[in-house]
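Enquirer: Place chain B on chain A using the hints.
Number of protein chains: 2
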Amino acid sequence: MIAGPYLLYLGHSQDEVGIKTSRGMAVFRRDDCVGEFRHDDCPFTLDLPRMGFDQAVAAGAKTLVLGIANAGGTMGEDLVRDAADAIASGLDVASGLHSRLRDEPVLVAAAREHGRTLHDVRDPRPDIPVGNGKPRAGRRLLTIGTDCSVGKMYATLCLEQGMRARGLKADFRATGQTGILIAGGGVPLDAVIADFISGAIEQLSPERHDGGWDLIEGQGSLFHPSFAGVSTGLLHGSQADALVLCHDPVRPHMRGLPHYPMPGLAETLEANLRVARLTSPHVQAVGVALNTSKMPRAAAERLCAETADALGLPCTDPFAMGVDPIIDRITECFEPSPRAATASL
Amino acid sequence: MIAGPYLLYLGHSQDEVGIKTSRGMAVFRRDDCVGEFRHDDCPFTLDLPRMGFDQAVAAGAKTLVLGIANAGGTMGEDLVRDAADAIASGLDVASGLHSRLRDEPVLVAAAREHGRTLHDVRDPRPDIPVGNGKPRAGRRLLTIGTDCSVGKMYATLCLEQGMRARGLKADFRATGQTGILIAGGGVPLDAVIADFISGAIEQLSPERHDGGWDLIEGQGSLFHPSFAGVSTGLLHGSQADALVLCHDPVRPHMRGLPHYPMPGLAETLEANLRVARLTSPHVQAVGVALNTSKMPRAAAERLCAETADALGLPCTDPFAMGVDPIIDRITECFEPSPRAATASL
Numbered sequence: 026m027i028a029g030p031y032l033l034y035l036g037h038s039q040d041e042v043g044i045k046t047s048r049g050m051a052v053f054r055r056d057d058c059v060g061e062f063r064h065d066d067c068p069f070t071l072d073l074p075r076m077g078f079d080q081a082v083a084a085g086a087k088t089l090v091l092g093i094a095n096a097g098g099t100m101g102e103d104l105v106r107d108a109a110d111a112i113a114s115g116l117d118v119a120s121g122l123h124s125r126l127r128d129e130p131v132l133v134a135a136a137r138e139h140g141r142t143l144h145d146v147r148d149p150r151p152d153i154p155v156g157n158g159k160p161r162a163g164r165r166l167l168t169i170g171t172d173c174s175v176g177k178m179y180a181t182l183c184l185e186q187g188m189r190a191r192g193l194k195a196d197f198r199a200t201g202q203t204g205i206l207i208a209g210g211g212v213p214l215d216a217v218i219a220d221f222i223s224g225a226i227e228q229l230s231p232e233r234h235d236g237g238w239d240l241i242e243g244q245g246s247l248f249h250p251s252f253a254g255v256s257t258g259l260l261h262g263s264q265a266d267a268l269v270l271c272h273d274p275v276r277p278h279m280r281g282l283p284h285y286p287m288p289g290l291a292e293t294l295e296a297n298l299r300v301a302r303l304t305s306p307h308v309q310a311v312g313v314a315l316n317t318s319k320m321p322r323a324a325a326e327r328l329c330a331e332t333a334d335a336l337g338l339p340c341t342d343p344f345a346m347g348v349d350p351i352i353d354r355i356t357e358c359f360e361p362s363p364r365a366a367t368a369s370l
Numbered sequence: 026m027i028a029g030p031y032l033l034y035l036g037h038s039q040d041e042v043g044i045k046t047s048r049g050m051a052v053f054r055r056d057d058c059v060g061e062f063r064h065d066d067c068p069f070t071l072d073l074p075r076m077g078f079d080q081a082v083a084a085g086a087k088t089l090v091l092g093i094a095n096a097g098g099t100m101g102e103d104l105v106r107d108a109a110d111a112i113a114s115g116l117d118v119a120s121g122l123h124s125r126l127r128d129e130p131v132l133v134a135a136a137r138e139h140g141r142t143l144h145d146v147r148d149p150r151p152d153i154p155v156g157n158g159k160p161r162a163g164r165r166l167l168t169i170g171t172d173c174s175v176g177k178m179y180a181t182l183c184l185e186q187g188m189r190a191r192g193l194k195a196d197f198r199a200t201g202q203t204g205i206l207i208a209g210g211g212v213p214l215d216a217v218i219a220d221f222i223s224g225a226i227e228q229l230s231p232e233r234h235d236g237g238w239d240l241i242e243g244q245g246s247l248f249h250p251s252f253a254g255v256s257t258g259l260l261h262g263s264q265a266d267a268l269v270l271c272h273d274p275v276r277p278h279m280r281g282l283p284h285y286p287m288p289g290l291a292e293t294l295e296a297n298l299r300v301a302r303l304t305s306p307h308v309q310a311v312g313v314a315l316n317t318s319k320m321p322r323a324a325a326e327r328l329c330a331e332t333a334d335a336l337g338l339p340c341t342d343p344f345a346m347g348v349d350p351i352i353d354r355i356t357e358c359f360e361p362s363p364r365a366a367t368a369s370l
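If you read the protein sequences in the order shown, they are chains A and B.
Going by this note's numbering, the first sequence opens with residue 26, and the numbers climb by one from there.
Going by this note's numbering, the second sequence opens with residue 26, and the numbers climb by one from there.
With the rest of the complex left out, here is chain A (with noise of 0.2 Å):
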């Protein structure tokens, strides 16, 4: 486990997308982060205090969070040096990069030398078995898209907090290397082995009994000619009880591939309830998730309004307007409401 609270890494970043897990970090474990480090030439702050390595021990830090992403996931030589000298003031390190901390002698030495510990996500857990698709107990939702980078992560977490705030038990199930920060757990899906995909995410949502539903983060999109392998997997591998569609409305083309057009929404839905019904034969759509954070509010609660409509689903931006709508649904498919609990008595 990583140890907390955290200090954000922000270093040299010079755009946006590259730093989003440090943001996600920021946003859905706020509590846990007692700063933000970066350079003078970085233009983005997530809020937090600015504090250097020293300053973050003192106030309590135990691990900085490499939570920055470049091209080719690689280290530079700075990310390097500054996270060697985090680790000479007493800090852990934790990453998400594809390039490794144990492959940078520098870290490795430092570690050693002030006894720190490092984290690289990435690194799936040896012992994932092959999948079996054998029926197992306990709730699942899984949130699908139409692309990759829609706003899965996002929904997947808005609903745990929201099904909580209800009294509902709910879980966090991470299959990438921000949520895998942000859970403090989870799978780097896309750095397992192909032929143990479903069988990562059985282990990663095992049999449960207490009523409680494990709320499974999606991966890419079956209509990305990349990485619909990976998507496939998950459908099976989740057994979901419950599927959320997330979509990006703004989104010119499939990511990266300029060749291929989105799907339509009833389109992918359609096509991840049929895939899905072979581990799961009564998956049942429960909402959508449109990422409007770059649509005036009001074209945006428009949309959501007319997609509810096309699609027959509760539709809503989970981070700017909320999920009510997407759990009174759950709650309406598979939770007994308490008058209907207390008639069949």
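Read the hints as simulated data drawn from the structure, not as lab findings.
Wrong hints could be hidden among the right ones.
One copy or two, it doesn't matter: identical chains are merged, so the pair holds either way.
As a list, the in silico BS3-like pairs of lysine-lysine whose alpha-carbon atoms are at most 30 Å apart [unchecked claim]: (1) K87 - K159; (2) K194 - K319; (3) K87 - K319; (4) K319 - K159; (5) K159 - K45.
Expert: Frame of chain A, contents of chain B only:
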């Protein structure tokens, strides 16, 4: 490249399924095999001369092919001892086992001492790209299946032989360890990282401009809950013009999963065509290949005729009955007949 000719290893093997790689080599690369090596307790033969390592070297063998699999893909002590003896006699060693030759210190030392090479064909090359789905030139055929291990590799290799016999350019593209050993190259798809499945197939079967066909060996099944992610990425990466559906008519349930019934042939075809269309909008089914090795010949022929009628596609057992009906269909759909070519002048 793995140097031929080969000595095929049977060792102490006690089950027929476990020797399928050695048998595949004996069937499809017979001219390149000088003999078989087996201990007295092995009840099988490939109908090749039985010989020891020194005798094989004298007969011209360059490489011992460990074409067997045991539970878990591990290397037993006796296998390691045999491989070390083979190296001492002057043979290279090639293996498709999950366990790697390079992880056996005894074999690494022996290879160094005797100047021999160890080939682990389950190691994917390190430069596999993420798939991009861009349309590429050339014609590609992919074998798909109702399940794992229903004869996709045999069907694909028989199609290569049959198409070449008709003067068509056609090249088998291997995606599993047996196919790789037979072809002398390919990608071990079950060892590729999840995010790179479709990219691995784009790399295996790049654009071609000579009018020839790439015949891509299928893996798994869209209806197998353990491996459908691999099959999905394979469909997208292949950009197949033509699909051949493979099936084992006596398989009682999905391989290894008694709780999963086999899907129907029409259902399997429809699902595969739907997934394939994302990257290859005009994909067509061109035939059905049944593995009838466990059926009486008359019943097998009747089943092929009935299946052809039901699906409106040529149906054959490629290994027992040849592939002519399927090649006829391919020619009709894709190759201009001499008369048509003349008429269009």
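Enquirer: Now tell me, hint by hint, if it's right for this structure.
Expert: Verification of the hints:
no.: 1; hint: K87 - K159; verdict: neither (41 Å within a copy, 46 Å between copies)
no.: 2; hint: K194 - K319; verdict: neither (32 Å within a copy, 52 Å between copies)
no.: 3; hint: K87 - K319; verdict: neither (35 Å within a copy, 64 Å between copies)
no.: 4; hint: K319 - K159; verdict: between (42 Å within a copy, 29 Å between copies)
no.: 5; hint: K159 - K45; verdict: between (36 Å within a copy, 28 Å between copies)
Of the numbered hints stated above, those contradicted by the structure are hints 1, 2, 3, listed in ascending order.
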